[in-house]
Amino acid sequence: MSDIPLILSSFPRAVVHVDGDAFFASCEQSRDPALQSKPVVTGKERGIAASMSYEAKARGVTRGMRLFEIKRLCPDAIILPSDYETYSLLSKRLFSIVRRFTPDVEEYSIDEVFCDVTGLRRVFRMSYPEMAQRIKRDLDTELGFTFSVGLAPNKVLAKIASKWQKPSGFTAIPGPDIHRFLSQLPVHKVWGIGSNTAALLSKHKVTTALDFARKDEVWVKKWLTKPFYQIWQELNGRSVFPLVTEEKSTYQSIQKVKTFTPPSRDQAFVFSQLSKNIENACIKARKYKLATKAVVIMLKTQAFRMQWLEVRLSRATAFPQDIVKAIMPAFTQLFRPDEEYRATGIVLTKLEEDTMVQLDLFGEVVRAEKLSKVYQAVDHMREHYGKHTVFLGSSLLAQQFAQHLGARGDEPQRRRQLFKGETKRQRLGIPMLMGKLID
Amino acid sequence: MESRSRATAIMQFYRQHHRMPSVREIQALFRFRSPRAAAKVVEKLIELGTLRKDDTGRLLPGRAFFALRVLGNIQAGFPSPAEEELNDTIDLNDLLIQNHDATYLVKAQGDSMIDAGIFNGDLVLVERRSDAKPGDIVIARVDGDGWTMKYLAKRGGRLFLQPANKANAKYQPIIPKQELKIEAIVVACIRHFRRP
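As given, the protein sequences belong to chains D and W, one line each in that order. Everything in the first sequence is counted per our numbering, starting at 1 for the first residue and increasing by one. Everything in the second sequence is counted per our numbering, starting at 1 for the first residue and increasing by one.
Hint data in this document are derived by calculation from the structure and do not stem from the laboratory. The structure displayed is predicted, hence computed values, not measured ones. All C-beta atoms, glycine included, are put in the ideal place defined by N, C-alpha and C. A hint or two may mislead.
Which chain W residues stay away from chain D? Per the calculated CB distances, all over 12 angstroms, these [stated by the list, open to error]:
no. : residue
1   : 16
2   : 25
3   : 32
4   : 37
5   : 66
Each computed DSSO-like pair below joins lysine-lysine, with the alpha-carbon atoms no more than 27 angstroms apart [to be verified]:
no. : chain 1 : residue 1 : chain 2 : residue 2
6   : D       : 420       : W       : 107
7   : D       : 436       : W       : 170
8   : W       : 181       : D       : 436
9   : W       : 107       : D       : 436
10  : D       : 436       : W       : 166
11  : W       : 133       : D       : 436
12  : D       : 92        : W       : 107
13  : D       : 92        : W       : 181
14  : W       : 177       : D       : 38
15  : D       : 215       : D       : 226
16  : W       : 181       : D       : 57
17  : D       : 92        : D       : 436
18  : D       : 92        : D       : 424
19  : D       : 38        : W       : 181
20  : W       : 107       : D       : 38
21  : D       : 226       : D       : 189
Pulled out of the complex, with its shape left as it was, chain D reads as follows (with noise of 0.2 angstroms):
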């Protein structure tokens, strides 16, 4: 029983997943050879491990790690404030790469990605397996660094294939093998199937996919939800979850959370700090023609405890002093003066498309009117000058200093490696090698 395959088709479609290694860690390894093969951390200006390198990992560092743990456990560790620019500059080029193959891709996140080279094999010469490896080959030369590469009948056992050798790991798993990699797969280590989910299966002696994967239909859909129905069938290599492979056009909330050092009991900076987030938020809702309907801040003490509060807003909008006057009480409820905090948070939610909405009685709308206009001024000059050249009075006490003083404060070091011609505002599109030129 155990060894009867669950399709006999090797791969009725050809889904690749591609995971970058350690991807934020592997950027600044790849770009400086005085930091290949140590412990690198990034994250420094957050305070807490937002990736590290394999030789991090093995030394026991793991993600959301505060970084004087990280110093006790690993001395050594190279800690590197995050340099988001370059880390986008080369997810973009991950996506251009695996679109040379295929245009069926799906960006799944910075460092993630799904496509589908169903019938391509002619056009490439080249078996599934080939093409696979090939994407791989071409990220690893190109980029500098290592990707993992998953191939399967669709996504769900692609992405358990890209994860099954890692770093630098490829893995095929073709319809009649899946058995064999289901039954040394704990079910809970499936994408979607929560601690929850794995509770309930166990409870009915479901311990490994496997044997999710062989109940039958009708157990399944009687205990379970359409999601984890949906699992099983890409367990059982049908393909059910199609690539999403439009680019992000919109967002459901958009979120902006910004930690300063050194942490602060000064009511009035800390609200600024939050006030800078508005902006930020602002900015992103209007850049997507987006207004925001309730909203929440957040709080978040030095003991890392997090308050928050949901506002409502009368009328849809996407300009900072609406949501910083409206967000005013609240503030104040959630404040306390003998509490040091070093973190604010703001979550635009209920986002709807930023139409001119309906008349009121209270002469809101021609406010609005007159609000859009100066708003479309600030933003022309933000694409001038760079964000914030003008902003809220509120923010003033935020923007006068930097987001975090001290060592924490540390500048990505592109930022100050710059080529005649180059601001520290506006650099060359192109990543660049940092590490120590020696002539």
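Please build the complex by placing chain W on the supplied structure of chain D, with the hints as guidance.
Here is chain W on its own, set in the frame of chain D:
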């Protein structure tokens, strides 16, 4: 005006096939019923200097043929930019960069490569690829913690790195003790002479 668009069509044929069309092909190109109509067009274009014929009667590009490309119709007296011709221009990015996804910047340091025309502070474009050959200028890693930019050279089957500064004796060929890891190939070097 008509001659100009006819000439442009012939130009496009030339670019696509890398040869001039025959009169028959011109007939097909303009959907003429008779070859005579095509011959008339050809005569007209020969008159304008756009085409000429060789001894065997085959068509050749005339004096004015290539001028068409950038200046529009010279015959009209005034050079007018012909939009379709602008498709043939490339920008500096395309000129300097072959594979955008694999191209990186390096800031040149020192004077070990001045005989190759690379000076301190130059903006150097490099491409990550795995097929470096002797004679390429490469970014390599040799037994140390940094990069180095040198010519890749080969003698007696062994690869080594060759600096390019004859005037300074301190720059000697670098022969790797253990491994020579080639990271990228230099494709271009950009130098500002005036602040932009």
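Here is what the structure says about each hint:
Non-interface call for residue 16 (chain W) relative to chain D: holds, since the shortest CB-CB distance, roughly 23 angstroms, exceeds 12 angstroms. Remark: the non-interface label on residue 25 (chain W) is consistent with the geometry, its nearest Cβ contact in chain D lying 32 angstroms away (cut-off 12 angstroms). Distance check for residue 32 (chain W) against chain D: the nearest CB is about 39 angstroms away, which clears 12 angstroms, and the non-interface claim stands. Look at residue 37 (chain W): its CB is around 43 angstroms from the nearest CB on chain D, clear of 12 angstroms, so calling it non-interface holds up.
Distance check on residue 66 (chain W): its Cβ is at least 34 angstroms (rounded) from any Cβ of chain D, clearing the 12 angstroms threshold; non-interface status holds. At most 27 angstroms may separate the alpha-carbon atoms for a hinted pair to count; residue 420 (chain D) and residue 107 (chain W) meet this at roughly 10 angstroms. The suggested pairing of residue 436 (chain D) with residue 170 (chain W) holds, with an alpha-carbon distance near 19 angstroms, which does not exceed 27 angstroms. Straight-line distance between C-alpha atoms of residue 181 (chain W) and residue 436 (chain D) comes to about 15 angstroms, which keeps the hinted pair within the 27 angstroms bound.
With a CA separation close to 10 angstroms, the supplied pair residue 107 (chain W) and residue 436 (chain D) stays within the 27 angstroms bound. Between the alpha carbons of residue 436 (chain D) and residue 166 (chain W) the distance comes to roughly 23 angstroms, so the proposed pair stays at or under 27 angstroms and holds. Restraint check: the Cα-Cα separation between residue 133 (chain W) and residue 436 (chain D) comes to about 24 angstroms, which is no more than 27 angstroms; the hinted pair holds. Of the supplied pair hints, the one linking residue 92 (chain D) and residue 107 (chain W) holds, its CA atoms being roughly 23 angstroms apart against a limit of 27 angstroms.
Annotation: proposed proximity of residue 92 (chain D) to residue 181 (chain W) holds, straight-line Cα distance about 26 angstroms (limit 27 angstroms). Straight-line distance between C-alpha atoms of residue 177 (chain W) and residue 38 (chain D) comes to about 22 angstroms, which keeps the hinted pair within the 27 angstroms bound. Simply put, residue 215 (chain D) and residue 226 (chain D) have alpha-carbon atoms about 15 angstroms apart, close enough for the 27 angstroms limit, and the pair holds. The hinted pair formed by residue 181 (chain W) and residue 57 (chain D) meets the criterion: a straight-line CA distance of about 25 angstroms does not exceed 27 angstroms.
Distance check on the hinted pair: residue 92 (chain D) and residue 436 (chain D) sit about 26 angstroms apart at the alpha-carbon level, within 27 angstroms; holds. Using a Cα cut-off of 27 angstroms, the hinted pair residue 92 (chain D) and residue 424 (chain D) holds, with the two alpha carbons roughly 22 angstroms apart. With a C-alpha separation of about 18 angstroms, the suggested pairing of residue 38 (chain D) with residue 181 (chain W) holds against the 27 angstroms cut-off. Between the alpha carbons of residue 107 (chain W) and residue 38 (chain D) the distance comes to roughly 24 angstroms, so the proposed pair stays at or under 27 angstroms and holds.
In summary, the hint linking residue 226 (chain D) to residue 189 (chain D) is supported, as the alpha carbons are separated by about 19 angstroms, within the 27 angstroms threshold.
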